[in-house]
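Enquirer: Read off the chains here:
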Amino acid sequence: MGKETATLLLTWAALMALLAITVAAALLPIGPVKGAINIGAALAKAALIYWVFMHLKEVSGFLRIAAVGAVVWIVILGTMTFTDIVSRGG
Amino acid sequence: MTDAVAATPQVAHKGKDTAEERVSYLRAGHSLTSWLTTTDHKRIAILYLVAITGFFFIGGAAAALMRFELISPHGMVLSNEGYSRAFTMHGVIMVWFFLIPSIPNTFGNFLIPLMIGAKDLAFPRLNLASWYIYVLGGCFTLYALVGGGVDTGWTFYTPLSSMFANGHVVALIAAVFISGFSSILTGINFIVTIHTLRAPGMKWTRLPIFVWSHYSTSLILVLATPVLAITLVLLAAERLFGVGVFNPALGGDPLLFQHLFWFYSHPAVYIMVLPAMGVVSELVCAAAHKRIFGYAFVAGASLAIAGVGFLVWGHHMFVAGESGLAATIFSFLSLVVAVPSAVKVYNWTATLYKGDISLDPPFLFAMGFIGLFTVGGLTGLMLAMLAIDVHVHDTYFVVAHFHYIMVGGAVSAFFGALHYWWPKITGRMYSLTWGRIDAALIFVGFNLTFFPQFILGYLGMPRRYHVYDPSLQVWHVMSSAGASILAVAYILPFIYLYAALRTAKPAGPNPWGAAGLEWTTPSPPPKHNFEGPVVVTHEAYAYENAPPPRERQ
Amino acid sequence: MSEAASKGVTLEEPFARRDQQREADFLGMYLFLASEIMLFGGVIALLFADRFRHPGAAEQAAARLNLMIGTANTVILLTSSLFVALAVAAARAGKARAVTGWLIGASLLGLAFLGLKGVEYAEDLAEGIRPILGRATPGALFINLYFTATALHAIHLTVGIGLMGWSAARVGRGRVKVPNQSIVIEMTGLYWHFVDVVWVFLFPFLYLPRH
Numbered sequence: 001m002g003k004e005t006a007t008l009l010l011t012w013a014a015l016m017a018l019l020a021i022t023v024a025a026a027l028l029p030i031g032p033v034k035g036a037i038n039i040g041a042a043l044a045k046a047a048l049i050y051w052v053f054m055h056l057k058e059v060s061g062f063l064r065i066a067a068v069g070a071v072v073w074i075v076i077l078g079t080m081t082f083t084d085i086v087s088r089g090g
Numbered sequence: 091m092t093d094a095v096a097a098t099p100q101v102a103h104k105g106k107d108t109a110e111e112r113v114s115y116l117r118a119g120h121s122l123t124s125w126l127t128t129t130d131h132k133r134i135a136i137l138y139l140v141a142i143t144g145f146f147f148i149g150g151a152a153a154a155l156m157r158f159e160l161i162s163p164h165g166m167v168l169s170n171e172g173y174s175r176a177f178t179m180h181g182v183i184m185v186w187f188f189l190i191p192s193i194p195n196t197f198g199n200f201l202i203p204l205m206i207g208a209k210d211l212a213f214p215r216l217n218l219a220s221w222y223i224y225v226l227g228g229c230f231t232l233y234a235l236v237g238g239g240v241d242t243g244w245t246f247y248t249p250l251s252s253m254f255a256n257g258h259v260v261a262l263i264a265a266v267f268i269s270g271f272s273s274i275l276t277g278i279n280f281i282v283t284i285h286t287l288r289a290p291g292m293k294w295t296r297l298p299i300f301v302w303s304h305y306s307t308s309l310i311l312v313l314a315t316p317v318l319a320i321t322l323v324l325l326a327a328e329r330l331f332g333v334g335v336f337n338p339a340l341g342g343d344p345l346l347f348q349h350l351f352w353f354y355s356h357p358a359v360y361i362m363v364l365p366a367m368g369v370v371s372e373l374v375c376a377a378a379h380k381r382i383f384g385y386a387f388v389a390g391a392s393l394a395i396a397g398v399g400f401l402v403w404g405h406h407m408f409v410a411g412e413s414g415l416a417a418t419i420f421s422f423l424s425l426v427v428a429v430p431s432a433v434k435v436y437n438w439t440a441t442l443y444k445g446d447i448s449l450d451p452p453f454l455f456a457m458g459f460i461g462l463f464t465v466g467g468l469t470g471l472m473l474a475m476l477a478i479d480v481h482v483h484d485t486y487f488v489v490a491h492f493h494y495i496m497v498g499g500a501v502s503a504f505f506g507a508l509h510y511w512w513p514k515i516t517g518r519m520y521s522l523t524w525g526r527i528d529a530a531l532i533f534v535g536f537n538l539t540f541f542p543q544f545i546l547g548y549l550g551m552p553r554r555y556h557v558y559d560p561s562l563q564v565w566h567v568m569s570s571a572g573a574s575i576l577a578v579a580y581i582l583p584f585i586y587l588y589a590a591l592r593t594a595k596p597a598g599p600n601p602w603g604a605a606g607l608e609w610t611t612p613s614p615p616p617k618h619n620f621e622g623p624v625v626v627t628h629e630a631y632a633y634e635n636a637p638p639p640r641e642r643q
Numbered sequence: 644m645s646e647a648a649s650k651g652v653t654l655e656e657p658f659a660r661r662d663q664q665r666e667a668d669f670l671g672m673y674l675f676l677a678s679e680i681m682l683f684g685g686v687i688a689l690l691f692a693d694r695f696r697h698p699g700a701a702e703q704a705a706a707r708l709n710l711m712i713g714t715a716n717t718v719i720l721l722t723s724s725l726f727v728a729l730a731v732a733a734a735r736a737g738k739a740r741a742v743t744g745w746l747i748g749a750s751l752l753g754l755a756f757l758g759l760k761g762v763e764y765a766e767d768l769a770e771g772i773r774p775i776l777g778r779a780t781p782g783a784l785f786i787n788l789y790f791t792a793t794a795l796h797a798i799h800l801t802v803g804i805g806l807m808g809w810s811a812a813r814v815g816r817g818r819v820k821v822p823n824q825s826i827v828i829e830m831t832g833l834y835w836h837f838v839d840v841v842w843v844f845l846f847p848f849l850y851l852p853r854h
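Chains as they are written, first to last, in my numbering: chain F, 1 to 90; chain V, 91 to 643; chain P, 644 to 854.
Be careful, since some hints might not be right.
Lysine to aspartate or glutamate pairs mimicking EDC-like chemistry, simulated, CA-CA at most 20 Å apart [what the hints assert, rightly or not]:
id	chain 1	residue 1	chain 2	residue 2
1	V	LYS293	P	GLU829
2	F	LYS57	P	GLU829
3	P	LYS760	F	GLU4
4	V	LYS444	V	GLU641
Keep in mind the hints are simulated off the structure, nothing from the lab.
Chain F on its own, in the form it takes in the complex:
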């Protein structure tokens, strides 16, 4: 098989591995760190999909920012709303 196909299959394998890790972490009694593992695995999977499947490894830096930059705005929405919720008196 070509190099490109091999890369795609390897990426898929990595995604499956991350899925296995995240489900295992959810089921095992390892305490609150499982939340962090789950989010981390999700971020890793998304990064792989964007980098390989969605061609971010081939495009310019500007296009990469355009592809994922919106996350900053979700962080703004989340953190400032959260600040309000957390600091309310009752």
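With chain F fixed as given, assemble chains V and P onto it according to the hints.
Expert: Just chains V and P, lined up with the frame of chain F:
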């Protein structure tokens, strides 16, 4: 025509020039079908112009009804519910179906490719689709209107909208949701066009401020509008199915609605004002026949307004139950966001300083903008301060504040753009005398309508009420009188601009003696904008190479 | 964007160069997906806010969801992304039959996802996990957000299946030529991958909160 082109050697035209290419975009196809299936950005701009004008008059009729009702301190022709429906339809139509598309989808569509030396936008068919989507949203709005309207206010606050409101709430929510897609697609089209279709030599630092403003606006369109979409979806789900996200009895929080709503709606006001500021930058330079003062700062200020504008939404919720800490943070950031706007006002003033200022109609509108926007902006600073806001929130003070910016500002800029680029779009020059009369009428009528509202708000008149204490009547009557002057001023251009189409001599490519690529091509432009490939060799606002201003031609 | 990547590609108005057109197409689709990030990001922000305001409720409610179906669906979707990536590679290489095959495969996997989701919804309703309308019960908000989020995702998935089916048909009939117009497959692919990414985030928020 080619003489004027030679007189503005900012660009070098190379290559052939076929007869077909020289046909103006207006003459390239006459049938209704050719208009409704066009992908030419200039024709799509006109399609939008017609649509938004229609909505402007519907929203204006609602306003006229309201101002008529408010002449008397007791209810005259409307019930409480009826009045609520009037201001809701006024707000929804004016915000989403007039102001948001007004400058970007008419002048942005028409001018961005011309200003950067391109043949069209990057995705011409997507552009046409945007118009159809907008019209579909408009149809839902008309359906809701004919069905009796909605009484929730344009802000659709829960629990009124989700639990108690009568009327076609879901239809109106659907209308706004649909129009949002038009916004998003427009934003995508503009950003990609500006990034990829600039002519050779048209570096980022040579772009007109109009383009920088629309780029910044497009960032907001793409990033903020989807949050409105999800908010409306959840609101519909709450109303139709009782989902509970915003309902405290089911574990939800009504303030979450406001957070999500204003996360979009505050940046939305910058969608409305940034293009207007872009127009004013062009007009101020042409008025003074000079380069803009502090180009980099004005361009940067556009981006800064778009960016910081996303951080201030909580200032709409100071008295809604937001925490003190959040309120303080939002208040501080709201003061910060005024800085780039102020930078623009200072730079416009500095541009005009020692300029030989023309008093042609477009420039009168621009100067009206600067004055009225400054009043609106300063009162915005006042509202950003917690101690003041507690007293004037939900009063006419707020109403006056945003109308100074949206109407005194953005609508003035829209009229300025109309009067400035009308010769380019139609190839005809209108009566300058009537244009000046209209500018004066708008300025006087506007101030008479809205300045008394600051006083009313300070004296305690709540917004969204049509019954009030008789001691306030004199201010309301003044305001309504002003509104009737405004109505005349808004209708007048239909007469003299239309008359120009019929009777005036053709306008040349550059009647104002302005700098900018759009003035180097014939009026009206040929279908593919330029008679041959474009190469840019001069900086932006190269007024030293431009023809003399109109008065000296 | 290299000129080489765009050799043989059909040039459309108003572009003057192929690499310019390719950059524009990619930028346009990434920006559209950015708007979708904002859409789904809003939902996920709400899930987050709900977790905070009602600690424990998410864990209780999530434990009742069918983790096996959720995991199986994740496997299905990730594999469908692989198929789509292979379709794009085939399009760039000009292999029309392979393109059609991989796209149909991905579409079938997408339909399998929807089928399993339907089975899951039926099971949920049978067990009393239903959109909880008008009554306050612990975990009610979580369950309602679960239905809202997965329904919104399913709508996007359905659109994606439609796009892939349509592209497969057009390539199969020769209406869309590869590699001249492989951009059609690439853009469809970007959309599908994004729908997959959304699920990658929904899965841990909805199925995995457990003690």
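Enquirer: Which numbered hints turn out to be false for this structure?
Expert: Hints 1, 3 not satisfied by this model.
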